[in-house]
Amino acid sequence: MTVPSFQPLQGMSDLAAPEIYLWQEVEETARRILALYHVGEVRTPILEPTGLFVRSLGEGTDVVQKEMYTFEDRGGRQVSLRPEGTAGVIRFLAGQGDEAAGARVYYLGPMFRAERPQAGRRRQFHQLGVELIGPPNPAQDVEAVAMQQHLLNAWGLHGARIEINTRGLPDEQDAVSAGIRRALEPDAGRLCEDCRRRLLTNVLRVLDCKQEGCRALVDKLPPVTDFMGQESRAYLEEVKRLLALMELPVEINPRLVRGLDYYLHTIWEIKHPALGAQDALSGGGRYRIEWEGAVVEGVGFAAGLERILTALQQEKGHPAGTAQGRPVAWIVSQGAGTLEQNLVLAQTLRRRGVPCGLALDGRSVKAQMRAANRSGAAFAVIRGELEREKGLVVLKNMKDGTQEELELPALLERLLLATRAEVAST
RNA sequence: GUGGGUGUAGCUCAGUUGGCAGAGCACCAGGUUGUGGCCCUGGGAGUCGCGGGUUCAAAUCCCGUCAUCCACCCCA
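For the first sequence, my numbering assigns the number 1 to the initial residue and increments by one for each residue that follows.
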C-alpha cells in the first residue's frame, strides 16, 4: 500500500491557520502570566540520552517501557525523543550546580510518545511546563498551584477543576499500595475485570477507574494518608491551610494518584468535563530527581496544550482563534507595466509598516478585487494605466464602497493612519 | 499492543435490491470591454484509501492492508 507522502506520520499533525492563531494566543497568554511569577523560559533539546528518561521517570513506568521513540544515533548512542519535559530541565539544572538553587523556569514545546492516538492524545503533542526548584516546602507547592489557577483564568477556561492530594514519601509507597489492596480485597468480586487485574499489578490504578461499580467502592476507601506517616500528613495539612489562605478554588481528592516515580508529597491534576476519556488538562507535583550524582528537588506541572485548546474550543464554541495578519491594503493592478510598479509600491508600504497584499499573476481587476475582499483588507488600492497617466491612485474603502483619487504621499498617510487604528483595536 | 466505527471532488457528505460517480460549500470564468460582498449562468476537478477476490457488471459483497476516529492500557 502506498502511504500518501503528503500526510504526517500517525498521530502527528501539521498546525496551521486557522487553529494556529489560537495556539499563538494561548502561548502568548502563558508567557505573559509566567512573567508575573518571575519564571523564565528554558529550551532544552528534544533529543536526549535514553538513560535520562529511564532514570528520572522510573524504569517500570509505561512511558519508559513502551511509549518512547528510542533509537541509536550515528555514534551508536541510545537516544530518545523526549516524552515529557521535566527530565531535560532537571539535567540542565543539575549541571548548573549551586547556580540552580531556587531556579524558576518554564518550557513550552513538543513531546513524543508512541501511543495509539485518540481524543486528546497525539504522538507528537505540546506541553507547557513549569519547574520551581527547591527542597520540600508547602508554600512553594501552593505557589505552583496558584500559578496554574492563574493560567486557567487567563486562558478563559472556567470548567476546569483542580484536584489535589499527597503522594507521601517514597518509602511509604509500598505501605499505601498494600493498604489499599487490603481494603479492596474483601470486595474484589464487585470490581470490574480490569480492576481485579489491577489489584495485582497496579493497585493504585483502581482509584481512577471510571466504572461506576468500582467508583462506589473507591469512594468508601480510606484516604491514602491513612497509610502514611506523620510527616506526610502534616505536610498535606499545611498545603491545605495555605490553599485556603490564598482562596484557591481547589478540591482535595484523597484518592488522586499519579504514576511517575519521581513524585512525592503534593500532587495535583486538572480535569475538564468536556474532553472525553483523556480529561486531564494538566498534572503536577513535587518531585525529587537524581542525575549523575546530583539531586534536584522541586515542584512543577505540565499542561497538555492540545487539551487546553480543545477545552477552550468547546467552552467558547469558537472553532479557532482570531485571524491575524489581515492586510490593511490590497493593491490592484491593471495594464502593462503597472504590476511591477505596484510591487515597488507594496514594498514601500511594507517598509513603512503597512501590511498589504497584491496579486502577482496579472488576473482581471474583478478577480483581484475578489482577492482583496477575501483577504479582509480595509482598503483596496487601485493603480492601473489610467491612474499612472494621471499620477494618482484610487483608494477604495472596502466597507462602504466609497473611493477617492489620491497622490502617493496622501495615500501613504491615509494607510499609516488606518494601520495605527487597526493595531489599536486588537 | 487490544477492540469497535469510518475512508467517495479542496472541504462536509449523499449514493436504494450490485447496473453511466452525485450534491452543497469552496475555487475559476462570464453576466458588468477597470471594481469585491448579494444574485444568475457556466466550468474545472475523483485511482470511490490501497491490493486482491466473487460477478456479465463492484463505491456497493468477501479477504487483506493502510490511514483516521473512539475506547482500553497508560498518561498532559
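If you are wondering where the hints come from, they were derived from the structure by calculation, not from laboratory data.
Treat each hint with caution, since some may be false.
[To be verified] Calculated cross-link-like contacts (lysine-lysine; reagent style BS3-like; alpha-carbon spacing at most 25 Å):
#1 K66 x K220
#2 K210 x K220
#3 K271 x K210
#4 K316 x K271
#5 K366 x K390
#6 K316 x K390
#7 K399 x K366
#8 K240 x K220
#9 K366 x K316
Computed from a prediction, not measured in an experiment: that's the story for all the values here.
Okay, the hints, checked on the actual structure:
A C-alpha spacing of about 33 Å is found between K66 and K220, which places the hinted pair above 25 Å, so the restraint is violated. In summary, the hint linking K210 to K220 is supported, as the alpha carbons are separated by about 15 Å, within the 25 Å threshold. Under the criterion of a C-alpha separation no larger than 25 Å, the hint pairing K271 with K210 is consistent with the structure, at around 14 Å. The suggested pairing of K316 with K271 holds, with an alpha-carbon distance near 17 Å, which does not exceed 25 Å.
For the suggested pair K366 and K390, the alpha carbons sit about 22 Å apart, so the restraint of at most 25 Å is met. About 51 Å separates the Cα atoms of K316 and K390, which puts this hinted pair outside 25 Å; it is violated. Using a Cα cut-off of 25 Å, the hinted pair K399 and K366 holds, with the two alpha carbons roughly 17 Å apart. Restraint check: the Cα-Cα separation between K240 and K220 comes to about 22 Å, which is no more than 25 Å; the hinted pair holds.
Restraint check for K366 and K316: not satisfied, since their Cα atoms lie roughly 37 Å apart, outside the 25 Å limit.
Going through the hint list in order, the structure does not satisfy hints 1, 6 and 9.
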